[in-house]
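**Q** Below, each chain spelled out in residue letters.
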Amino acid sequence: AQKITQTQPGMFVQEKEAVTLDCTYDTSDPSYGLFWYKQPSSGEMIFLIYQGSYDQQNATEGRYSLNFQKARKSANLVISASQLGDSAMYFCATKTYSGYSTLTFGKGTMLLVSP
Amino acid sequence: SQTIHQWPATLVQPVGSPLSLECTVEGTSNPNLYWYRQAAGRGLQLLFYSVGIGQISSEVPQNLSASRPQDRQFILSSKKLLLSDSGFYLCAWSGGQGADEQYFGPGTRLTVT
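Heads up: the protein sequence lines correspond to chains Y and V, in order. Heads up: the first sequence begins at 7 in our numbering, then just goes up one per residue. Heads up: the second sequence begins at 427 in our numbering, then just goes up one per residue.
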């Protein structure tokens, strides 16, 4: 079974600063993926970034980057140059690729960006 | 490009009434489809997923059911709603290839009174 832990229920950051949202995972499968989603107040879940367990380099997508530390089983999301529109819930998720599996989500971190 | 639709956007139903939520996907074929429920301030709970027409896997046995009558249509139903069925229902699709990331619809906010 897979497990995702997000220990920060809430985070505050000032506009234009960088912020790191923590995520640790637990899986015994050697082939897995890590995903981050953003959920603004409207409710829709928006896919942000993906990291595969065999990827050598950390994933980046615009202002989002994933700090993947395999030995520590962590996959922290880094948002650079925060914007007011980044205020939202952020969910980390994982799935394995041995056989069929679905996404397992963490409980989320609420990020508030202040002017 | 692919789009995913859900309706209705909001729904208020009395306890004991039936439920039907619909999800359709455009711009892709043979997607994997998923139903999630999110209670207020909580994470996502996978309810059902489907890898093909008529193929439904249930993750949480309860008074809800799902059906996939067409390739890109996924329906969540209940014969008799409970108060505990209130929540935000999200449908998602994935391509089943590569990273297999899921893309979500706008959601349905259900209040059972």
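Think of the hints as simulated: they come from the structure by calculation, not from any bench. Quantities reported herein were computed from a predicted structural model and do not represent experimental measurements. Glycine is no exception: its CB is placed at the ideal position from the N, C-alpha and C atoms. Take these hints with a grain of salt, some might be off.
On the chain V side, residues computed to face chain Y include the following (Cβ under 10 Å) [as the list claims (entries may be wrong)]:
#	residue
1	W433
2	P434
3	E448
4	R468
5	L470
6	G480
7	D511
Which bits of chain Y does chain V cover? Going by a derived footprint, with three or more residues having C-beta under 8 Å, they are [claimed, not checked]:
#	segment
8	42 to 51
9	110 to 120
**Q** For every hint, state whether the structure bears it out.
**A** Status of the hints after comparison with the structure:
Hint on W433/V is violated. Least Cβ distance to chain Y is approximately 14 Å, over the 10 Å limit. For P434/V, the suggested interface contact is broken, since its CB lies about 13 Å from the closest CB of chain Y, more than 10 Å. A distance limit of 10 Å between C-beta atoms decides the matter here; for E448/V the minimum to chain Y is near 17 Å, and the interface restraint is violated. Among the interface hints, the one on R468/V holds; its C-beta lies about 7 Å from the nearest C-beta in chain Y, closer than the 10 Å criterion.
Because the beta carbon of L470/V sits about 5 Å from the nearest beta carbon in chain Y, less than 10 Å, this interface hint is met. A cut of 10 Å between beta carbons decides the hint on G480/V: the least distance to chain Y is about 17 Å, and the hint is violated. Interface restraint check: D511/V against chain Y, minimum CB-CB distance 17 Å, threshold 10 Å, status violated. With 5 residues carrying a beta carbon less than 8 Å from a beta carbon of chain V, the segment 42 to 51 of chain Y meets the three-residue requirement, and the given coverage holds.
Coverage of the segment 110 to 120 of chain Y by chain V holds [criterion: at least 3 residues with CB-CB distance below 8 Å; count 4].
Checked against the numbered hints above, the structure breaks hints 1, 2, 3, 6, 7 and satisfies the rest.
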